[in-house]
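Novice: Chains A, B, C and D, in that order, give the protein sequences.
When you line the first sequence up against this note's numbering, it's residues 1 to 344, in that order.
When you line the second sequence up against this note's numbering, it's residues 1 to 344, in that order.
When you line the third sequence up against this note's numbering, it's residues 1 to 344, in that order.
When you line the fourth sequence up against this note's numbering, it's residues 1 to 344, in that order.
Think of the hints as simulated: they come from the structure by calculation, not from any bench.
It cannot be assumed that every hint is accurate.
A pair holds if it fits inside one copy or across any two, identical chains being indistinguishable in the list.
[Claimed, not checked] Capping the alpha-carbon separation at 30 angstroms, the derived lysine-lysine pairs in DSS-like fashion look like this: (1) Lys271 / Lys61; (2) Lys107 / Lys61; (3) Lys107 / Lys297; (4) Lys251 / Lys205; (5) Lys251 / Lys61; (6) Lys92 / Lys205; (7) Lys205 / Lys61; (8) Lys171 / Lys142; (9) Lys297 / Lys45; (10) Lys45 / Lys251; (11) Lys251 / Lys107; (12) Lys45 / Lys205.
4 protein chains.
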Amino acid sequence: MPERERIRVGIVGGSGYVGGELLRLLLSHPFVEVVTVVSRSLAGKPVTRAHPQLRGRTELKFSAPEDLKESDVLFTARPHGQTMAEMPGYLKIAERVIDLSADFRLKNPQDYPTWYGYEHPHPELLGKFVYGLPELHREEIKRARWVAVPGCTATSAIIPLWPLVQRFRVKLVVIDSKVGSSAGGAEPGPDSHHPERAGVVRSFKPTGHRHIAEIEQELGLKISFSPHAVELVRGILSTLHVFLEDEYTEKDIWQTYLQAYRDEPFVRIVKERAGLYRFPEPKIVAGTNFCDIGFEKDEHTGRLVVICAIDNLMKGAAGQAVQCFNLMCGLDEKIGLDHWGLHP
Amino acid sequence: MPERERIRVGIVGGSGYVGGELLRLLLSHPFVEVVTVVSRSLAGKPVTRAHPQLRGRTELKFSAPEDLKESDVLFTARPHGQTMAEMPGYLKIAERVIDLSADFRLKNPQDYPTWYGYEHPHPELLGKFVYGLPELHREEIKRARWVAVPGCTATSAIIPLWPLVQRFRVKLVVIDSKVGSSAGGAEPGPDSHHPERAGVVRSFKPTGHRHIAEIEQELGLKISFSPHAVELVRGILSTLHVFLEDEYTEKDIWQTYLQAYRDEPFVRIVKERAGLYRFPEPKIVAGTNFCDIGFEKDEHTGRLVVICAIDNLMKGAAGQAVQCFNLMCGLDEKIGLDHWGLHP
Amino acid sequence: MPERERIRVGIVGGSGYVGGELLRLLLSHPFVEVVTVVSRSLAGKPVTRAHPQLRGRTELKFSAPEDLKESDVLFTARPHGQTMAEMPGYLKIAERVIDLSADFRLKNPQDYPTWYGYEHPHPELLGKFVYGLPELHREEIKRARWVAVPGCTATSAIIPLWPLVQRFRVKLVVIDSKVGSSAGGAEPGPDSHHPERAGVVRSFKPTGHRHIAEIEQELGLKISFSPHAVELVRGILSTLHVFLEDEYTEKDIWQTYLQAYRDEPFVRIVKERAGLYRFPEPKIVAGTNFCDIGFEKDEHTGRLVVICAIDNLMKGAAGQAVQCFNLMCGLDEKIGLDHWGLHP
Amino acid sequence: MPERERIRVGIVGGSGYVGGELLRLLLSHPFVEVVTVVSRSLAGKPVTRAHPQLRGRTELKFSAPEDLKESDVLFTARPHGQTMAEMPGYLKIAERVIDLSADFRLKNPQDYPTWYGYEHPHPELLGKFVYGLPELHREEIKRARWVAVPGCTATSAIIPLWPLVQRFRVKLVVIDSKVGSSAGGAEPGPDSHHPERAGVVRSFKPTGHRHIAEIEQELGLKISFSPHAVELVRGILSTLHVFLEDEYTEKDIWQTYLQAYRDEPFVRIVKERAGLYRFPEPKIVAGTNFCDIGFEKDEHTGRLVVICAIDNLMKGAAGQAVQCFNLMCGLDEKIGLDHWGLHP
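One chain only, chain A, in its complex shape (with noise of 0.2 angstroms):
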């Protein structure tokens, strides 16, 4: 690889589970040097104390927020709402910053008040930010230099749902996405609690969820979405009950998602005739920044199913910022990216 000077990275939000998954990529990248890691509760720890796997790996340790380095790229990644009134900050000591949480998905302010049920502080920025979604934005990344990058289950909807709208009138489209529990943070409490989590098929917010305003700010298109929490801890499995107006084959159906994405370097067409695998499946994307997607027609309705696997914490949060990274920094977008999944 040919040599070039490092890019100076600082992360914000170090000792979540969307900052360890940064930092196992990052570490490993070969254009990046990591040089603050931020994290208020375990700040003069070494990293490791949060994040075991990359024993070996680093000597890196947490640092408190006030001795935050300048850098090239700024990851923000604490929880929703944490990070809207500190960003000013942010965006003064850094060239670029991706910031993970939700605080800048939406352009529209009256949004925050409606899903999140606060007033944004700072509405002025909405619009600057990208949406940080490569397959529909890649243009915008490139040249932004304010990512947010989408939340998990919406990329699960996004993605798969983007060349339908493109092509068909949709009708009806009805989303049931089963989550593992590190979608909800690395924040203990009652809900995720072991034995109350395991084993559960919960659906713990039938209606109302907040990733519902930027699926439909993306697509333009209203929309009905319901996750369940399921036994896992990786990986969202979406699927997809979409209803047309137009008439249509499985054919059609091929060649609307060969056309969007044979060229997108994470996203795979799954549909075969045999094996275990025949359609999408958490299990086998965990660790990689892939989406898979598969289809079925149901010629007994017309309706059609779309499956969709992520991992939450890579292609669904920590896969895709580096993926916005490396087209903001004018990187091959697949760098420090290519991990193939365990099976079994």
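Please arrange chains B, C and D on chain A, whose structure you already have, making use of the hints.
Specialist: Here is chains B, C and D on its own, set in the frame of chain A:
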């Protein structure tokens, strides 16, 4: 409890999971004597070889098919397609027959080639079996000699949909089910191999599932249905995404369900404001005959989300069969079914 | 069953997992009336808020501690260290007290600072509590007013070791236990956070576990003990690696166990030649009061491997407490405990 | 990286789990070209049929056994007992052979009838295979043409015990292992049927496990070993209960391990004062070639508890094989093995 003569009961297909549940329930039933438990593969072996949870409970041994004794009531719990041809023989040696396979659920003989891929050898019997769902057919079951117990996912769809269909004009229904591995039966195969089945969220039959036939038969409504295998042994959670032609409020739905199921011994409406178990959850109905139903109106799209949890081996099979048995024998339908779930 | 006056029972610590199991058992006990269930945090709320599996079973509400009523028997099921100081108060308002914490299990006051890290405020009471293990102390329990129910892993060690210690000279014992997450109680914490606890095989306390104190007290034998957290909610499997001074055969061990436990209602010897469940397995005792024991002689080294499975919340806590309760009240000790496990 | 000719590699037994891991590793190895992957059952099918995680990574197809090409290095990864007779043929078509079955691990021909129940057809070859554990036999492996890769549980026992055996007089060792389901291979059976295997803590072979033979061969020490199946797909945690003749301190153990393994690229000593991952944990080594070792002295009995975690398919099979491959080919032994685990 008053003295009465015990009802002599036989079980065919006794070494499967449904057979095991029938045994667990019937051995503790105060008015039942189990006279034969047939298993081709384990004839001569103690029933605890297949059902180790019953150690110390019974000394019964499996019998060969040819040793099946006459009985008052015969439960047939063999895999689909195997009971069809044998049924005339069974009808001769038992006064009443309760079949737990799919072989006698469908009224229209044409449905068998359409959904199951084979002609039914005894179409003349189909009209004579009562579909064993007490919530819909209690009075018929009481008078029935022959009952066909509903499929597990069908039960989780029909019970919550039935009152809605009675009261509202239903525009569209998508049923997205999440199913435990025991629903696949006791026979090992590549798809049930633990390393492949563990941790999956698998869309194994996105369209065309056979239970659609009986759901539509009972509801007189075209439905879209997609089951998913999730990491769970026992249990089904069905999420029903319902779109009504009529305007409605959550209060209307409350009233609809209360009116329909207020007096049902095994249907609970579960919809709470607080707590981790605000909606139905298969974990806490495991081992019980309950069918828990919850719901929420999506004010964003008008969709009604209905959530239904059952234990596929109990209300989805053996428990429902014993409930039918009680009704057929003039007993309190709750006898032998007073199990409360476990938590955590 | 003969008519008799119901025994009035109170529960302190009613919102925990052991409290939930006590409720499940006692609400179905034919001779019990539950008069108060105390929970500080949920006072005024229905008990089904914490124990959703009991929906439809009871309308009881949690009471504040100050509303604890007098009762014939009081079960105290609070976390370790909290009942010690409160016990004199409890002894005044109940004729009999059954404590499920560790606070009154150890006879030697010195053991509390050694193993639990604090002085016992009421050492004078320690000698007056009977260690509530019916297999060892049935007659004392029958006469007892106050009983301290054994720890869960201690139960899984003492029951299988006791007959060996009586008959053989034991050279060395290593107890390697595998424990479900419910043994840690209902209070969430970083170690019980699902993404961290799921899928672990964790040596969380390789040496120095507190239950060693009561195991050694009961057996009069120095033991080595290491518990491991495994992916499981309910259940303990303890593997006891036993080295005897004496020569022995498997037949000797059979005889030893049969002689000791032939008439025990809740001890089963499980050692079969065929099948998947040849040895004890926590899965199939979940929800039951059974203690299953199996063994095999290692002809290579002379080691005796003893395998013991219990449900930590049942034979390891609430079930054992109800067994003691029955004995203390002159009832058949099996009443209210006739649950058979589930399989699969 | 410097240019060099690619080493031509073949794989026999390519459709199993170990075959899949070999493919995952070797397809990303910069100096390897995979020329044939043999699978009897899937000949002609794409390798992604068995290994769906490699979709997009390779277009390779499985070959029939008769189409096995000559290669520089051949990996044989068939079930135990099947490679023995075929080996002479393999030795002719490949310069170097790395066998992952048990068929060439034991030096003493008599051990095969004793531990495996059959005579070895080629005892003359046994002495010529090097036991492929780099931590013990690095120099021999470098010079070896033929290597027999250790068993998975054997690896988790020998690596942590070896330095202790070198320095101390060991009185007694009990190895209690907890093993994931992938260790049983890709072939379904009754014991791997998900409803039976899920949630177990199963003592499936309390005594007499075959890996004892190779552990004792390598350590020259009699050991007691009991493996347990736990709910886990990948991974082994072995708890070694070690009793030494000599006095020792924890510091002595630290020194012993540091001295032995300080420079080992894949051995990490994990023993921390704080955090959830104070000791080794299979979860965070899944997918990696690490062997994590921790320990604690039991001051109560003098016992030394040693804890070892590996991924059974990596350091326990394919990863170890590739490490040997690198050594045999004069390459840096870490090449192709720089995977960091996932957390959570």
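Novice: Hints numbered earlier in the text: which of these fail when held up against the supplied structure?
Specialist: Per hint list: 2, 6, 8 and 11 violated.
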